[in-house]
Structures are given as structure tokens and as C-alpha cells.
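Chemist: Sequence:
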Amino acid sequence: MRIALALGLAAGLLLAGCDTAGQDSAAPAPTTAAPTSAPSLRPTRTPARPRRSPPPVTVDAPCPYADASTVMDIVGQHIARTTVTRTTPYPGCAFYRPNAERAADVAVSVLPTAAAARASAIRLPGADANPVDSVADGGAVAITGDGAVLAVSKDRALVVVRINQRISLEAIELAKLVVAKL
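Letter 67 of the sequence shown, counting from 1, is numbered 67 in my numbering, and no numbers are missing.
Derived DEER-like restraints, expressed as beta-carbon distance ranges:
(1) Asn99 with Ser69: 10 to 20 Å
(2) Ala100 with Asp67: 18 to 28 Å
(3) Ser134 with Pro98: 26 to 36 Å
(4) Gly138 with Pro112: 10 to 20 Å
(5) Thr85 with Ala180: 13 to 23 Å
(6) Arg51 with Ala180: 31 to 41 Å
(7) Ala100 with Ile167: 13 to 23 Å
(8) Gly145 with Arg51: 37 to 47 Å
(9) Thr113 with Pro64: 23 to 33 Å
For the record, the hints were derived by calculation from the structure and aren't laboratory data.
Beta carbons are placed, not taken as given, at the ideal position from N, Cα and C, and that holds for glycine.
Work out the full structure: start from the sequences and follow the hints.
Modeler: The following block contains the structure:
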């Protein structure tokens, strides 16, 4: 008798939760009341907030990829100042002429996959870019109104070189120096 009563009660609960077309289903009524006098003693977890990385810091310092005299020889311009932007895992560098104009800059970032780095290296210089196969895993270079921009990949690393001259050979030479230090 008890088994039949328990089965009947279970079947009734199951049928109460079923929904037929066009009808809203109602939530079954609780069979026991929740205690209202004492709060739960279980500790609650607050979700961890993602940590923001500190903003990059740029300082006057020698570039770890190439010294100022080497860059001066490559781009054919006097270099009066070099800055390093401290980013992880690879820093960025900028080389300035005596009149404070930027002659060249280098940025290195790491992407999730080598395929993503390669795709970015091809896409970044734009649709009018020419392929570059002589540096690392390859990429592209484009002549712009401001000079030249080159992007190449090496495994997951994306190397971007910008120079203030409309000549791609200097950008390629500078990229080779950077890739050799990665």
C-alpha cells in the first residue's frame, strides 16, 4: 500500500511538471518549507575579478633588439633618442631623429596561436601590401603615406616595424634584427 501511494505521488508530481501546447507550466509547490529563521552558514564565494595589467611604461633606454647606431645605418638617418616600452613578454622600441620625429618603431606581441600570428602579419599592412618571405614565417609590407609598415610572424609572435621612409628594404632589415632576438 505504501509503495502504491509513493508511486502515485511521484506520478502526480511528474504530471504536474508536464506542459501541453499553449499552456504555461507552473512550478510544483515545494513539499517542505525552507527554514526562515537562520541564515545559511555556508561561506559564499564572490567571483574573482580579472586583474588588469598595468599600462605600458615608456622610458628612454637602449633597445634590446638593435642599438641606435645600427638603426641609424639601416634607415640612413641620425638617431638622437631611443625609447623602450615595457610590455610583456617583449618590449617595444622607438627611434627618434634629432628633430624629435620618429624614424622607426618596433612592436612585438604574442598571439594565441602561430596561425593567428601569421594571419595578422598578412592582414595588418593592408590589401595593397606585398608578401615578405625572407623574414621568419613571413608576412607583408606596405608603403603608406607616412612611410612603410611591415608585419611578420615567428611562431606565435607578431613583429610590426614602422619606418618614416617609403622604402621597404629598411623595414625588412630592421625586422630581421628583431626576429633574431626573439
